[in-house]
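So the protein lines, in turn, are chains A and B. Mapping of the first sequence onto the numbering used here: residues 73 to 195, in sequence order. Mapping of the second sequence onto the numbering used here: residues 7 to 199, in sequence order.
If you are wondering where the hints come from, they were derived from the structure by calculation, not from laboratory data. Where is the CB? At the ideal position from N, CA and C, for every residue including glycine. Treat the hints with care, since some could be wrong.
Stated by the list, open to error - So these bits of chain B aren't anywhere near chain A, every CB distance computed over 12 angstroms:
no.	residue
1	Asn12
2	Leu26
3	Leu34
4	Gly52
5	Gly107
6	Trp116
7	Arg122
8	Glu150
9	Ala160
10	Pro169
11	Ala170
12	Asp189
13	Ala192
To be verified - Stretch by stretch, here's where chain B covers chain A in the computed footprint (C-beta under 8 angstroms, at least three residues):
no.	stretch
14	83-96
15	119-126
16	149-156
To be verified - One side of the interface only, derived from the structure: several residues of chain B facing chain A at Cβ under 8 angstroms:
no.	residue
17	Arg8
18	Ala9
19	Arg10
20	Ala16
21	Phe85
22	Glu182
23	Arg185
24	Val190
25	Gly193
26	Thr194
27	Pro196
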Amino acid sequence: MTGLHIELADGRTAFKPGEPIAGRVSWDVNGATSAEVRLFWYTRGKGTEDVGLVDTVAFPNPQAAEQRTFQFTLPEAPFSFSGKLISIIWAIELIVEPGSSVERREIVVSPTGREVVVAHEGA
Amino acid sequence: MRARDNPFAADRVESIRYELPEGHAGRLLARLEGLRYRAAIVGPHGSGKTTLLEDLERPLVRLGFRVTYLRLDAAHRRFDPGCLSRLAATLDAQDLVCLDGAEQLGRAAWLVFRWRTRRAGGVLITSHRPGLFPTLIECTTSPELLDRIVRRLATPTGDVRTPADLFARHHGNLREALRELYDVYAGTLPPRT
Numbered sequence: 073m074t075g076l077h078i079e080l081a082d083g084r085t086a087f088k089p090g091e092p093i094a095g096r097v098s099w100d101v102n103g104a105t106s107a108e109v110r111l112f113w114y115t116r117g118k119g120t121e122d123v124g125l126v127d128t129v130a131f132p133n134p135q136a137a138e139q140r141t142f143q144f145t146l147p148e149a150p151f152s153f154s155g156k157l158i159s160i161i162w163a164i165e166l167i168v169e170p171g172s173s174v175e176r177r178e179i180v181v182s183p184t185g186r187e188v189v190v191a192h193e194g195a
Numbered sequence: 007m008r009a010r011d012n013p014f015a016a017d018r019v020e021s022i023r024y025e026l027p028e029g030h031a032g033r034l035l036a037r038l039e040g041l042r043y044r045a046a047i048v049g050p051h052g053s054g055k056t057t058l059l060e061d062l063e064r065p066l067v068r069l070g071f072r073v074t075y076l077r078l079d080a081a082h083r084r085f086d087p088g089c090l091s092r093l094a095a096t097l098d099a100q101d102l103v104c105l106d107g108a109e110q111l112g113r114a115a116w117l118v119f120r121w122r123t124r125r126a127g128g129v130l131i132t133s134h135r136p137g138l139f140p141t142l143i144e145c146t147t148s149p150e151l152l153d154r155i156v157r158r159l160a161t162p163t164g165d166v167r168t169p170a171d172l173f174a175r176h177h178g179n180l181r182e183a184l185r186e187l188y189d190v191y192a193g194t195l196p197p198r199t
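This is chain A alone, in the form it adopts within the complex (with noise of 0.2 angstroms):
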């Protein structure tokens, strides 16, 4: 049995740029070897996708079950957005070996707390 979970403290789901992101993992994975937790942005859209790679904390000598508590610094950019033709969208993703077991959970980041949303872009 796999289960992997991600709670963000306070139960937020939106930040500002600069700000710290802490949380807790916790898995439960037979015979883990790696458990790290990622920050990261992606895009979605008409091109080929595109990752940022923000920040990994590697929790070292994972058990098989067990919680750990993680903390991040947001960069100052890029926000969250979407348009016609990009959208740039965050996350924080757990992945645990063997099995390459993943969890991943989508946050937003901009100074409103809010998607930036541009409605009309030329094609």
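Got chain A; can you put chain B on it based on the hints?
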């Protein structure tokens, strides 16, 4: 419509893998073995050659090959200096080199590539034209295939439209046809009647 919600966003299109008829995957691998693992996937632009090459990687690894993937395209028509000589130094019978875009190489460059990869257990290429290696499979497209792909991608939105002339206008290039549908759904291109 936000880019992330567009049913024809690149990540969703790339999730559609090459469609082989039932039982053909095994026959394809058997044919590749019969060709001593030096063969070409041939087809025009947007016919699925790259997709099929990628899809063959896993079964080739299961057969015991170490797969190395190289890619050339119109923007990158040459290997980086020293790339092939460094690769050649590592190759043995357990290696299979996949080259996507072999048609980008001129005659001399192709001969150098063949020389540099001579020690590999296999070389599988994609090319727009036959003749570089024996043809493993010729990729073809059809209006029916395009329609099936469009329906699979557009189903979540409940709005399924494959313009009747979409396939013909793009000369069977599924990639460009799907890119046009991206623009239609994004509202940046009016739908053609």
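Consistency of the hints with the structure:
1. Asn12: 7 angstroms, violated
2. Leu26: Leu26(B) clear of chain A: closest Cβ-Cβ about 24 angstroms, beyond 12 angstroms.
3. Leu34: 27 angstroms, holds
4. Gly52: Nearest chain A Cβ is 15 angstroms from Gly52(B), so the label holds.
5. Gly107: 16 angstroms, holds
6. Trp116: 27 angstroms, holds
7. Arg122: With a cut-off of 12 angstroms, Arg122(B) remains clear of chain A, as the shortest Cβ separation is near 28 angstroms.
8. Glu150: 25 angstroms, holds
9. Ala160: Label holds. Min Cβ-Cβ 16 angstroms, cutoff 12 angstroms.
10. Pro169: Nearest chain A Cβ is 17 angstroms from Pro169(B), so the label holds.
11. Ala170: 22 angstroms, holds
12. Asp189: 6 angstroms, violated
13. Ala192: Given a closest Cβ separation of 4 angstroms, the condition is violated.
14. 83-96: Check failed, 0 qualifying residues.
15. 119-126: That given contact holds, which follows from 3 residues of the stretch 119-126 of chain A lying within Cβ reach (below 8 angstroms) of chain B.
16. 149-156: Holds, because 3 residues of the stretch 149-156 of chain A bring their Cβ atoms closer than 8 angstroms to Cβ atoms of chain B.
17. Arg8: 4 angstroms, holds
18. Ala9: 3 angstroms, holds
19. Arg10: 4 angstroms, holds
20. Ala16: Holds. Min distance 5 angstroms.
21. Phe85: 21 angstroms, violated
22. Glu182: With a closest approach of 12 angstroms, the Glu182(B) hint is violated.
23. Arg185: Hint on Arg185(B): holds, closest Cβ of chain A at ~7 angstroms, below 8 angstroms.
24. Val190: 10 angstroms, violated
25. Gly193: OK, holds: Gly193(B) within 8 angstroms of chain A, min 6 angstroms.
26. Thr194: Check passed: Cβ of Thr194(B) comes within 4 angstroms of chain A, closer than 8 angstroms.
27. Pro196: This interface hint is violated because 10 angstroms lies over the 8 angstroms limit.
The structure shown violates the earlier hints numbered 1, 12, 13, 14, 21, 22, 24, 27.
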